Structure formats: C-alpha cells, structure tokens
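J.: Given only the sequences and the hints, what does the whole structure look like? Please build it.
Quick mapping for you: the protein sequence lines, in order, are chains A and B.
Sequential numbering of the first sequence, starting at 1, is according to the UniProt record's numbering.
Sequential numbering of the second sequence, starting at 1, is according to the UniProt record's numbering.
No lab work stands behind these hints, which were simulated from the structure alone.
Keep in mind that a hint or two might mislead.
From the structure, some residues in chain A lie toward chain B, with a derived Cβ separation under 10 Å [said to hold, decoys possible]: (1) Asp12; (2) Phe64; (3) Ala259; (4) Thr392; (5) Ala393; (6) Arg396; (7) Leu398; (8) Ala399.
Fair warning: this is a prediction, and the values are worked out from it, not measured in the lab.
Just so it is clear, CB atoms sit at the ideal spot from N, CA and C, and this is done for glycine as well.
These are the residues of each chain, in order.
There are 2 protein chains.
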Amino acid sequence: MTLAVQPPLEIDTFHPPRRILLGPGPSDLHPQVKSALAQGVIGYLDPVFVSMMEELKTLMRYAFQTKNALTFPMSGPGSVGMEACFVNLVEPGDKVIVCRNGVFGGRMIENVERCGATAIVVEDEWGLAVDPQKLEDALRAHPDARLVAFVHAETSTGAQSDAQTLCDIARRHDCLTIVDAVTSLAGTPVLVDEWGADAVYSATQKCLSCTPGLSPVTFSDRAIEKVRARQTRVQSWFMDLKLVLDYWSASQRTYHHTAPGNSLYGLHEALRLLAAEGLEHAWARHRRHHEALKAGLDQLGLEFIVPEGARLPQMNAVRIPDGMDDKAIRRALLDEYAVEIGAGLGPLAGKIWRFGLMGYSAREENVLGALSAMEMVLAANGMKVDQGAAITAAQRVLATHHHVPASATSA
Amino acid sequence: MTLAVQPPLEIDTFHPPRRILLGPGPSDLHPQVKSALAQGVIGYLDPVFVSMMEELKTLMRYAFQTKNALTFPMSGPGSVGMEACFVNLVEPGDKVIVCRNGVFGGRMIENVERCGATAIVVEDEWGLAVDPQKLEDALRAHPDARLVAFVHAETSTGAQSDAQTLCDIARRHDCLTIVDAVTSLAGTPVLVDEWGADAVYSATQKCLSCTPGLSPVTFSDRAIEKVRARQTRVQSWFMDLKLVLDYWSASQRTYHHTAPGNSLYGLHEALRLLAAEGLEHAWARHRRHHEALKAGLDQLGLEFIVPEGARLPQMNAVRIPDGMDDKAIRRALLDEYAVEIGAGLGPLAGKIWRFGLMGYSAREENVLGALSAMEMVLAANGMKVDQGAAITAAQRVLATHHHVPASATSA
Numbered sequence: 001m002t003l004a005v006q007p008p009l010e011i012d013t014f015h016p017p018r019r020i021l022l023g024p025g026p027s028d029l030h031p032q033v034k035s036a037l038a039q040g041v042i043g044y045l046d047p048v049f050v051s052m053m054e055e056l057k058t059l060m061r062y063a064f065q066t067k068n069a070l071t072f073p074m075s076g077p078g079s080v081g082m083e084a085c086f087v088n089l090v091e092p093g094d095k096v097i098v099c100r101n102g103v104f105g106g107r108m109i110e111n112v113e114r115c116g117a118t119a120i121v122v123e124d125e126w127g128l129a130v131d132p133q134k135l136e137d138a139l140r141a142h143p144d145a146r147l148v149a150f151v152h153a154e155t156s157t158g159a160q161s162d163a164q165t166l167c168d169i170a171r172r173h174d175c176l177t178i179v180d181a182v183t184s185l186a187g188t189p190v191l192v193d194e195w196g197a198d199a200v201y202s203a204t205q206k207c208l209s210c211t212p213g214l215s216p217v218t219f220s221d222r223a224i225e226k227v228r229a230r231q232t233r234v235q236s237w238f239m240d241l242k243l244v245l246d247y248w249s250a251s252q253r254t255y256h257h258t259a260p261g262n263s264l265y266g267l268h269e270a271l272r273l274l275a276a277e278g279l280e281h282a283w284a285r286h287r288r289h290h291e292a293l294k295a296g297l298d299q300l301g302l303e304f305i306v307p308e309g310a311r312l313p314q315m316n317a318v319r320i321p322d323g324m325d326d327k328a329i330r331r332a333l334l335d336e337y338a339v340e341i342g343a344g345l346g347p348l349a350g351k352i353w354r355f356g357l358m359g360y361s362a363r364e365e366n367v368l369g370a371l372s373a374m375e376m377v378l379a380a381n382g383m384k385v386d387q388g389a390a391i392t393a394a395q396r397v398l399a400t401h402h403h404v405p406a407s408a409t410s411a
Numbered sequence: 001m002t003l004a005v006q007p008p009l010e011i012d013t014f015h016p017p018r019r020i021l022l023g024p025g026p027s028d029l030h031p032q033v034k035s036a037l038a039q040g041v042i043g044y045l046d047p048v049f050v051s052m053m054e055e056l057k058t059l060m061r062y063a064f065q066t067k068n069a070l071t072f073p074m075s076g077p078g079s080v081g082m083e084a085c086f087v088n089l090v091e092p093g094d095k096v097i098v099c100r101n102g103v104f105g106g107r108m109i110e111n112v113e114r115c116g117a118t119a120i121v122v123e124d125e126w127g128l129a130v131d132p133q134k135l136e137d138a139l140r141a142h143p144d145a146r147l148v149a150f151v152h153a154e155t156s157t158g159a160q161s162d163a164q165t166l167c168d169i170a171r172r173h174d175c176l177t178i179v180d181a182v183t184s185l186a187g188t189p190v191l192v193d194e195w196g197a198d199a200v201y202s203a204t205q206k207c208l209s210c211t212p213g214l215s216p217v218t219f220s221d222r223a224i225e226k227v228r229a230r231q232t233r234v235q236s237w238f239m240d241l242k243l244v245l246d247y248w249s250a251s252q253r254t255y256h257h258t259a260p261g262n263s264l265y266g267l268h269e270a271l272r273l274l275a276a277e278g279l280e281h282a283w284a285r286h287r288r289h290h291e292a293l294k295a296g297l298d299q300l301g302l303e304f305i306v307p308e309g310a311r312l313p314q315m316n317a318v319r320i321p322d323g324m325d326d327k328a329i330r331r332a333l334l335d336e337y338a339v340e341i342g343a344g345l346g347p348l349a350g351k352i353w354r355f356g357l358m359g360y361s362a363r364e365e366n367v368l369g370a371l372s373a374m375e376m377v378l379a380a381n382g383m384k385v386d387q388g389a390a391i392t393a394a395q396r397v398l399a400t401h402h403h404v405p406a407s408a409t410s411a
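T.: Structure representation (structure tokens):
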C-alpha cells in the first residue's frame, strides 16, 4: 500500500538552545529534576508507583502548608487546576464572586460562566492588589453568593493580594474560597490551612521549577462536602473530583486515566528539593534576588507598576520607558543574550516588561546577567545608561543581604 | 515563624525499578525519548519552540495519515483528547450515536451526557468488533442524529473495529464521526483521511512509546465548521478549540496555557523515530511480535477473547484458566520477573489478562521474556506446563516471519 502522507524525514532531533528563563514561567529546571524526568516509565498501578504517589501527596501538603487529605497533582497545566476547582464547586444558577485585577481573574469569570453560573465581578486596577473592602461590599450586596474566587499572585501584573484577609471575609459571609496560587506557591507564603482556603490550585513550572503540565491542587473538607452535595453532575468527566479521588486515594486505586509518570517523577524531585531547602529559605531566596533585581532596575530608571508592599518578589513588572520598542528589545535580549523576559498581557501589552525570578531561576548569576543584558540592549536602543551601575547596585544588595543557601542539591 | 506542616525529609529521590511493560500502556520509552525529556525547558513563545511545534504538527499528520490543518497534541492524557472532541462537537440537546463494545465506549456515553446531550447506544459484546449493521439500524431509527462516536481499538478487550466501514455509514447518514485511536495509532493502520473521520484522538503512551500525558488529536474541516457554527459556548475553557487554535496556529501565537515543554520534546522524538522506521514497518513489527506471542499463548492453552480477524496485535486479551488466581499470578509476574501485564476491566475483571505489545515494548526479548515468565508462574501455580514449549513456538514464528528492522535509532 502507498501511504497518502509520506514521512517527513528531514526533521532532526530537537535540542533547545540555552536560555536564561526570566519570564512568567516556565522557569529553569533544576538538574536533578531533569534527571528525574529521563527515567523509565512504569505502570500507574504498580505498587512502587503508588508509593511514589503517596510521597508526592505528603510533599505537596508541605508546599501548600495544609493537612488536607485531598491534595494531589492534576494531570494538566494550571488552567486545568483552575477549571477543576470551578466545575466541581460551581453548579448552574450559582452566583460566584470573582475578584479581577489581571488576566487570571478574567479567566475565572470565563470558568464561572461556562459552568452556567453568574459571576459577580469585584474589579481592581491591573497592578493593584484586590481591595478587601470591595469584596466585603460585594458580599453584602449579594448575600446569596456562596463562593469567592481570587488570584493570590497575579502573574500578569506581579501584584500579590492579602489572601488571609480575603479568605476571612469570605468565611464571615459563609462562602467557600477558590484561590489561584499558580505563581505564589514556593515563592511567597501560601498557607492554605492558616488562611482557611477551600480550593487552591497551582502549577509546576513557576516557583517549583518543574516541568510544565501538572497542576497541584488541594481541597478542604468543606470543599469536598460541597462537591458531595451537588445536585447536578460535574460537567467534565476528566476533572470530576469524585472519579479522580478513586485514583488518588490510597485505599482504593482504580483506573481513571494513565498518570503522566515522568512529569510526576520530576514533581516528586522538585518538591523534595523544596523540602530540603525549606519553604522559609525558598521564600527568602526569592525576596533576596528580587531586592537585587529591583536595585538594578531602579538604577536603570525602570518603574514598578505594583505599589511597594503588594509586589511579588518572583514577578517584577516594570513600565517600558517612552520611545523604547517593546518587541525589538525583548527580541534582542533573547537573540543576543539568551535572556527571556515576559511581555505585557491584555491592556498592559506593549506597556510593561515582566521579569520572573522563579524557583531555580532565582539565582545571582541570572539577576546579574539580566541586568547586564538590559544595560547593553537599552543603551543600544538609544537610552542613556550609566554602564555597570545597575549591576553594581544589585551586587550591593546581594552582598549586604544575609546569605541564604542556594537550593540544596541533595536531601 | 513556625510552619504548621514540617518538611518530610525522609523521602528519597524516586528511582523506578526495571519493568517489562506489557500492560495496556504505558509502554517502554525509547532511550532517545528519555534523553529528549531531560532537556532544558524553554519559553512556549520562544521562536525556537514555535518551530518545534510546527514540526510536531507535521510529524503528527504523518502518524494520523491526514492533511488536516488542525492536528496537534492536547496538553493532557487521552481522556482529555476524548473530552475535547465531545465538548466541542456536541451541544446540549443533541443526539449522538455511541458504539459501545468496552470501557471506552462507556466513557464516551458519559461524555455525551455531561454535554447535556442524549446518547443512543449501539451495544456489542465486549471482545467483539462494533457491528456495522447495528450502527446502520441505529442511524435509521434516529435520523436526527448528526454525530457517531466509536472506538477503533478497544484497549479493554483488544478488539479492533472496521473504522472505514463505520465512517462510511456515518457519512451516508450525514453524520460526523469521533474516533478513539488511543491504542491503534502507530500499531495498526489509522488512516484518517482515507476513512473520512472527522475528530480522532489518541495518546502518547501506547504505540508511540512516549511519556504519558499528551493526547494527539486531529480535526477535519467539517469538524471545524461544526465547532464554528455552535449555538452555545463550549463548556470547557481549557478544551475550547477556538481558544486552543489561537495558540497552535502558526500565524497567530497567543498565550493560552503553558505548553508541557519536556513532554512535547519527547513526543517530537517519538514521532521522529516513527517516521524513520516508517508506519508500514511499525505495523508489521507489531503484527510479527503478536504472532509470536500468540503462538506461545496458544501453546500454554490460553484462549483469546477476540475472534481472529478483529484482534489488535498490540493488545492481546486471553481468558484466565479456571483455578488460576488472577491477582496472585500478576503479582508474581511483576515481583519475580518484572513483567507487567494488564488486568481485566469492568465485567472482564478477574476473567482476562491483557498482554500489550506496544511501540518500543514490541520487541523479541519481551515476547520471549513474558512467555518464559508465564510458563514458570503458571507451573508454580499448579498448571500443567510443557516447559519451554511456548518459547519454542514463539521462536519459530520469529524465525519464519520476514524480519522487520527494529525501530531505527537515528533518522
């Protein structure tokens, strides 16, 4: 037989170029995570694999600072974690309060609507934290709402909201909470039990520095009760917690879908590295490199869009100076210095640059390398730059800040 | 501050044991696929990454034997590919004909119902192919149905249905088709354009021998038209083809979700290996090793549940002999010989064993190793076994069948 489509034999093995990943994620993989990924796959019902899954749940509970039994990685990117929270906790006709101060709040609204529910939107300017008073007002105006959703760390702007206060307000109004911790987990404190958050999702390619494609999630007992009490069937088969639970529970291990083995090995190792470093040290490391980067960006005259106090150390958004060509500069950073930074999204497209310092990417050489590249590229584009000043400013911070050990290489 | 949950430091790096994967998937990873997985991750909008994605689409079109523009890997396991087909092509109130002859037809029905539509079920016995006449009858009885869904290769039984005939019937009744090619792709002919199939999904961990967690999909222009003409919004944000399209189209590359970079590297390499081997050779290799395994299983007195002619070479389901303890024997195969085989699902639980010979797992040493282990474990469990006879029978087949080159190691 002759095949209708012939094999494309001219395609070579893919080898990614070296990159310094300082965008909104993915961040650099730790070498041990890469090694973990390359191991042989085994069956998802193999007793050895099942033990690894139990360890994964324990490690995830540490990262989330929770005792929630239902803590596991969804087999899809962060958007799957988000959608899983909504399709399980929202029923058609529900009213859900969604706080929007960036792209991901907007995506939450989309999710609410696709569940056949109504989103009551609490709007805040992009770049600001969610205003707790506005949430309070919305809950008073809509006493029938039973669910509040907000983004803890808005990747599109670098703003961090006060999750503790927002969760407290929601609880006082008898609402459950869905919290987006995609960019915060392991970068800044995510304290699920202390906050009293009910459904929290994250992603692996940000401050965990693991391969993209998994979404760690955790659900409180209250959230599980709400899922159990649903009047309607969850609209997604793949994300239906009742089915997923049967696969992830230790007692009863039934087939749901084939687990993404290699990616889970990588997550196991990334979480192990986090436990070995210690969460407080990981938070301090992100803070330290943020301070150094900030000193350098200040020196270059680049202004943060987020007010001090609400800034995420792992996501630094600065205004693009007048007259600078956004795309040309990002392209030069990538082509000439192998530095990837993030562009602005939505209304901030062309207006900001986003410097991520996430997980294994949050290292001295990356801060210095990025600032050096910025100095040179901005100068080449006609900006007046005091060559070396940004780096010197960053160095000064790195020298004076208490040294935090770099990510441990073994536990 | 004192953390509420302390780090679990007693957890070591995970190293999977050696396994001979002859279950229903995952199959063994080719060494080059493992190497591909361990590479550094880069940004999903990086021009180099975007080029890799274009190559991936070309390679996938070869595997599916299609010219469909919309051919790409969904960022989730096969069940995501399945659900994506249904949520995009089905609207509430629709009537969908679903052919069920195993587990995955049942899952299709679940999907139809969760879309708010009605499933008209064409039932066939588990282990048999779908009966085209029953489909014809159902379409005559329900002339308002506009969609037919069936499983080409039923992983739960090892039965292959006649996709060409089923697609032809559907077309004659003005229906689009959704085809499950999870276990068939690269193992037996999947000829999307020749069949005239409209939405076909597969998975990476079967005959492609790639890491689990991705679902290759392809959609005909008719399917895209149907999605474009929808009256209602797709219920899933993550799986909404209109949004995913913007990310996977070459002209317009907008952010949808962070692509699972490492897994995509692995798929790129797995598909490259397939192109280098050639589809016809891959099909012949699966056939050859199936014939050898079958000769050995026959010798052991193990009967196939699927009638000859409808048997998938890559999934061999045999009846468990009376008096044999299913779980104990599978456990002994795994613990003593590192051989994983599959259990029966649903009504076939405890009644059958499933021997997968998929992708890189379909090799001589695996056929011989599995038969040797079966001989010893069955004998140890009291079955009268003519030691060595099964292996000899398999060897004879391997020697007489025209030798097909093993999977090429470089293109």
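J.: All hints are to be evaluated individually against the structure, with a verdict given for each.
T.: These are the hints, each one checked on the structure:
1. Asp12: With a minimum Cβ separation of about 7 Å from chain B (threshold 10 Å), the hint on aspartate 12(A) holds.
2. Phe64: holds, 8 Å
3. Ala259: holds, 7 Å
4. Thr392: Hint on threonine 392(A): violated, closest Cβ of chain B at ~29 Å, above 10 Å.
5. Ala393: violated, 27 Å
6. Arg396: violated, 28 Å
7. Leu398: violated, 24 Å
8. Ala399: violated, 26 Å
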